[in-house]
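Protein chains in written order, with this note's numbering: chain R, 1455 to 1652; chain P, 1455 to 1652.
Hints are supplied without guarantee of correctness; some may be wrong.
Pairs involving identical chains hold if they fit within one copy or between any two copies, as the list cannot separate such chains.
Computed list of lysine-lysine pairs in BS3-like fashion (alpha-carbon distance at most 27 Å, straight line) [to be verified]:
1. 1477 with 1577
2. 1505 with 1586
3. 1520 with 1476
4. 1586 with 1530
5. 1476 with 1488
In case anyone wonders, no lab produced these hints; they're calculated from the structure.
2 protein chains.
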Amino acid sequence: MIIPEPLQIAIDELSKFPGIGKKTAQRLALHLLKKDMDEVSRLVSAIMGLKEKLRECSICSNITYKEVCDICSSPKREHSIICVVEDASDIFAIERSNEFHGLYHVLGGVLSPLSGVNPENLKVRDLLERVKDNDVHEVILAFNPNTEGETTALYLLKLFKDTGVKITRIARGLPVGGDLEFSDDATIGRAFLSRVEY
Amino acid sequence: MIIPEPLQIAIDELSKFPGIGKKTAQRLALHLLKKDMDEVSRLVSAIMGLKEKLRECSICSNITYKEVCDICSSPKREHSIICVVEDASDIFAIERSNEFHGLYHVLGGVLSPLSGVNPENLKVRDLLERVKDNDVHEVILAFNPNTEGETTALYLLKLFKDTGVKITRIARGLPVGGDLEFSDDATIGRAFLSRVEY
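Using the sequences and the hints, build the whole thing.
Here you go:
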C-alpha cells in the first residue's frame, strides 16, 4: 500500500460527503496536508462549532442557536402562514428572495417509499399539530418540482383536506432570465397550464 | 442574515478547498450538521491525523510517517533511477501502474512564471544535488502533458545537460483503451512522431 494510513483514513472520511468521490477526496486531503496547522485548525474548529453551537428550532426545525429560531420568534412575521420545505437550506434560498414573510416548517425530507422514507420519518405529525393548535389559515408547499416533491405535496393535500386550511404550492413556469427556446417541454407545458391574466 | 454564524463560518472554511464553491460548501456543512457527533469527530480526527502524523520524506519529499519514506529506504528499488514528478499524488498514480521500480523526486509544482512559480520555489536544487551525490544514471521526467509540464521538462533538460546523466520523459500517445477516431489532433500527432518499431 503506497498511500500512508493517515492519508487513506482522511480520504475515506472525506469521501463520505455527498458528491465527493475517492479522487476528489484525495485532492482535498492533499490540499489539507499542504496547508499550515493554523488553517487546518480553523477548519476543524469550524466543523466542531457546527455541531456544538447549532440545533434545530423546536417549532419549525430550522437551524438555529436557540430553543426557538429568529423567524418563529419574530413578531414581524405573519404567524398565520406556514411554508413547508424539505430542508433548512430551502429556507435560506426563500429568505434570499425576500418575498415570503410567514413562518416555515422543515419536513426533514420528502416522501420516497423506494428509499424507505415514509410519513413517520418526516415531521408530518408536528406540522398537522402546529396547524391545528395555532390560527394558521394558509399552508404553502414549497417542494422541489420533481416526483418525490409532487408525491409529498399530494400526501399533505389529502391529510389537510378536512382541516379547512387553504393549501397552496409555489408556481411552476419559466425561470426568470430563462429562454423559451431552450426550456424543456414539461416546463413550457406547466407554464401554459398555469398562465395568469394580466 | 438568515444563515446562523457557526454555519456561515463552516461554509467559508469549506469553500477554501480547491474546486469547492459556496453552494457545495453549504451542502457539505448541512450534511455534517445532520451527522451525529461520532461521525463528525471521526472526520475531525482524520483531518488532524493528516497534519500530526504525516511529513515529507527528507530525500524525495514523498508523503510519509518517517524521516525517510518506504520507497527511498527500500533495498528492492533501483536507486540509480529517479523519476521526477510534480506532486506526491503522481507517485500514487505511478505506483498503481506497477511499472516503475526506481526512486522518486517530488518537485512540489511545475514552473509557471505567470503564477510566480520559479525554479527557486521548487525542489530543483535538491534534485541536482541528489543526482550529483548519488550514482544516478537516469532521470525520468513524468510531468503532466501541458505547457507548464513541458516548460519544466525543458528547464531541467538544460540544467542536467553537462552532468552526463541520461534524461528521459514518459511517452505521449493514445491512452490504452482510447479511440483513434475520437482522439485530438495533438495526441495523434505525438503518437505518430513517437512511433516505435515492433
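Consistency of the hints with the structure:
{"no.": "1", "hint": "1477 with 1577", "verdict": "between (36 Å within a copy, 25 Å between copies)"}
{"no.": "2", "hint": "1505 with 1586", "verdict": "neither (32 Å within a copy, 54 Å between copies)"}
{"no.": "3", "hint": "1520 with 1476", "verdict": "between (37 Å within a copy, 25 Å between copies)"}
{"no.": "4", "hint": "1586 with 1530", "verdict": "within (22 Å within a copy, 76 Å between copies)"}
{"no.": "5", "hint": "1476 with 1488", "verdict": "both (19 Å within a copy, 22 Å between copies)"}
Figure legend: structure checked against the earlier numbered hints; the only hint not met is number 2.
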